[in-house]
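Chemist: With these hints in hand, go ahead and build the complete structure from the sequences.
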Amino acid sequence: MNAPEMLSRLRTPQADGLVLQLKTLTPLYTGGIGQLGDQVHPSNLLGGIRHMSCLVARTLGDGGFERAVWGNAGTGKEKAEAKQVALRWETSGLEAVKLPEIVKLPKATGGDSRWYFNSAFEGELGLLISRRGISDAHWQLLTLALAIQIRHGSFGAKDQFGLGVLALTEGARPFAVPLNASSDLPKVVPATPGELNLLRHSFGRLRFRVAPGQRPILSRSIALNLALATRATLRNALRAKPDASDTEQARLTALRHQMLGKLNQFGSAVNVSAAYATEDGVELRLAVALKPDTAAERGEVMKAFAAAAGHIDTMIDRIGYRVDGKIDWEFGGAHLSTRAAWLNKLAGV
Amino acid sequence: MNFELLAEERVAIESGGIAAAQWSWQAHAAHLRRGVVKPEDLTGRRNDFMISHAMELQGVERQEAQADPKKARGNAKALPCATREIDRAGLRVTPVDISVLPPFSAAVTLRFRLLTPLLTRDDDPFYLFDNPVRKDHVYGVPFLAAASLKGLAADAFQRGFPHELPWTALGKDDQVRTMRYRQDTAAARRLFGIASDDPAQLASEAGRLHFSPLWFSHVQYLVMNPTRTDGSGIGTQPIQFEAVAPMTEKGKPVQAEINFFYFNPAGAKDSDEATARADLACFVGALAAWWPALGLGAKRLAGYGAIAPLAATCRATGYPDMPQALEFSEVESWRQLAERIAKDKA
Numbered sequence: 001m002n003a004p005e006m007l008s009r010l011r012t013p014q015a016d017g018l019v020l021q022l023k024t025l026t027p028l029y030t031g032g033i034g035q036l037g038d039q040v041h042p043s044n045l046l047g048g049i050r051h052m053s054c055l056v057a058r059t060l061g062d063g064g065f066e067r068a069v070w071g072n073a074g075t076g077k078e079k080a081e082a083k084q085v086a087l088r089w090e091t092s093g094l095e096a097v098k099l100p101e102i103v104k105l106p107k108a109t110g111g112d113s114r115w116y117f118n119s120a121f122e123g124e125l126g127l128l129i130s131r132r133g134i135s136d137a138h139w140q141l142l143t144l145a146l147a148i149q150i151r152h153g154s155f156g157a158k159d160q161f162g163l164g165v166l167a168l169t170e171g172a173r174p175f176a177v178p179l180n181a182s183s184d185l186p187k188v189v190p191a192t193p194g195e196l197n198l199l200r201h202s203f204g205r206l207r208f209r210v211a212p213g214q215r216p217i218l219s220r221s222i223a224l225n226l227a228l229a230t231r232a233t234l235r236n237a238l239r240a241k242p243d244a245s246d247t248e249q250a251r252l253t254a255l256r257h258q259m260l261g262k263l264n265q266f267g268s269a270v271n272v273s274a275a276y277a278t279e280d281g282v283e284l285r286l287a288v289a290l291k292p293d294t295a296a297e298r299g300e301v302m303k304a305f306a307a308a309a310g311h312i313d314t315m316i317d318r319i320g321y322r323v324d325g326k327i328d329w330e331f332g333g334a335h336l337s338t339r340a341a342w343l344n345k346l347a348g349v
Numbered sequence: 001m002n003f004e005l006l007a008e009e010r011v012a013i014e015s016g017g018i019a020a021a022q023w024s025w026q027a028h029a030a031h032l033r034r035g036v037v038k039p040e041d042l043t044g045r046r047n048d049f050m051i052s053h054a055m056e057l058q059g060v061e062r063q064e065a066q067a068d069p070k071k072a073r074g075n076a077k078a079l080p081c082a083t084r085e086i087d088r089a090g091l092r093v094t095p096v097d098i099s100v101l102p103p104f105s106a107a108v109t110l111r112f113r114l115l116t117p118l119l120t121r122d123d124d125p126f127y128l129f130d131n132p133v134r135k136d137h138v139y140g141v142p143f144l145a146a147a148s149l150k151g152l153a154a155d156a157f158q159r160g161f162p163h164e165l166p167w168t169a170l171g172k173d174d175q176v177r178t179m180r181y182r183q184d185t186a187a188a189r190r191l192f193g194i195a196s197d198d199p200a201q202l203a204s205e206a207g208r209l210h211f212s213p214l215w216f217s218h219v220q221y222l223v224m225n226p227t228r229t230d231g232s233g234i235g236t237q238p239i240q241f242e243a244v245a246p247m248t249e250k251g252k253p254v255q256a257e258i259n260f261f262y263f264n265p266a267g268a269k270d271s272d273e274a275t276a277r278a279d280l281a282c283f284v285g286a287l288a289a290w291w292p293a294l295g296l297g298a299k300r301l302a303g304y305g306a307i308a309p310l311a312a313t314c315r316a317t318g319y320p321d322m323p324q325a326l327e328f329s330e331v332e333s334w335r336q337l338a339e340r341i342a343k344d345k346a
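From first to last, the protein sequence lines are chains A and B. Residue numbers are given in my numbering: position 28 of the first sequence equals residue 28, and the series is strictly consecutive. Residue numbers are given in my numbering: position 36 of the second sequence equals residue 36, and the series is strictly consecutive.
Just to be clear, a hint being listed does not mean it is correct.
[What the hints assert, rightly or not] Partial chain A-side listing against chain B, Cβ under 7 Å, derived:
(1) R11
(2) P13
(3) G34
(4) Q35
(5) S43
(6) W89
(7) G133
Derived from the structure by calculation, the hints contain no laboratory data. From the three backbone atoms N, C-alpha and C, an ideal C-beta is built for every residue, glycine too.
Modeler: Following this line, the structure appears as structure tokens:
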């Protein structure tokens, strides 16, 4: 075989990898040493994709996915193993944007809640995922999880406070391959506090309409205000009534902290995106990890969150928007017997 | 770093003739490590260093930030290294005299732009940070070792010209798989050689490729905060990483060049022109396809050390169609060089 023939046999990363062109619907932030988010940090983006893909794998009963695909750093007697996929982010289409430094909303208990932002990125970004040593089944699962994350989740940091919603650019075709909805699946990997599955998650969408007599302006500040008002309403939904017993007050405080976060104790289990424009109007998305161990408390959280939309208007009337209907929830727990079909639906395939 | 320097108080050093203005950021990092006996003592000193050197503070004075590090905000700063000094010493560029090599040997330079911070790992137990970038011991200039480059190059070749069996079917771990791949793939064996632990079973062979270290010019700092695995959703302890910076302190993109040569062992088996040409073309083609996708250095599969090709040059000996150096530029240059080497005519 001569040199041109040999060279023509070169396999490229694009040949059996995945190339995506994405755009930001809400600004993308990945932190940094000076808290300004002046660079895009790939490890932050990878962490989110890894997390979502493992949630999907556990939902499908695949407990070996994480190690087989994402490797491990080698701790103790465990030998380090490399990742079997590589992520390459093309960020030249992003530009730095300045966010409103502080967003304030009145607190239910008096005073103001404050959220701090600085800068982030907006624009287009490319993603190339190349593969080696990963089975076709795991590759299918990974791409399905990525599609779910793009359609219902978020990327990067501060995504509990509105940032990091991405979408495929216009004209992009669905890239995930649907699961066979009629095949038997292994049992769901049992959820533990550190390793949930998607059946312990809910995804929501909330639409807004312009208030009567107002002009339709969706600045970054307004988009974040809509998100944080929604978030504050969800937090308030888990507050005890004033006449509740001390025990009940304490129980709901613990539940609220577990779900919405408490400095140095709990991270947020609820992501509320900033509002963004769609063909049908203005909406935001919610992703909720149902952390409580008992089904009763998980049900209580979802019931409280479902009723919360009715109280958001009082916090947003000053910025010219109104809630348009209820939060449209996709509750994972309802799909135990139809897991594959539900995941296909979430992925849009 | 000079150990005598580390042993002295800063005041004593400065009174002895080294003015504060001459302290490089590297000397300061090494000196701050002095006297630390407990890991917790490091936190304050690391904060001091980061605030002093690694960020362009915004909206806060240095003293205020040092008193309360949570107030420190600013863009990451690129810190220049002593590239001029190492160049003057003639240590950075090691040109290969192609005329003294056997026929069908070639020297290749691949120039690229660094797009994201590149991580390497130095073994320096007396450094301020746990994850220092690998640096030259005398001048402190960051580099990627030639041996690391060879490993990355072999990985690119394995991906570009895979074995007929899936990678994971070649053995129980990457070391075994690599050995099997090279035994079964003649071009890989010629290019990278065989390192055998059991000479009775399999003799070691030298590869034909020889790499130079890959030098860089600027360093920056990163922080990673892994999430705890207990389900709380909060971070563990932030980990600082020193990294090769993709931008200079003036905001210009950092460029670097990879140098290697193919030594053709004239007279040995498979040292004819066609074999050498195919080896070199396939090798450069594999780098052109895979390195821009995978990057260089540690954590490259996560996206660190991403690169974009800028130019490619090949000086060869003995090839009738390559009396002059081949030169290509722009993002497709590496691929164009591979195709031109393969073509067998100008």
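Chemist: So, for every hint listed, does it hold in this structure?
Modeler: Here is what the structure says about each hint:
no.: 1; hint: R11; result: holds, 6 Å
no.: 2; hint: P13; result: holds, 4 Å
no.: 3; hint: G34; result: holds, 4 Å
no.: 4; hint: Q35; result: holds, 5 Å
no.: 5; hint: S43; result: holds, 5 Å
no.: 6; hint: W89; result: holds, 5 Å
no.: 7; hint: G133; result: holds, 4 Å
In summary, this structure violates none of the numbered hints.
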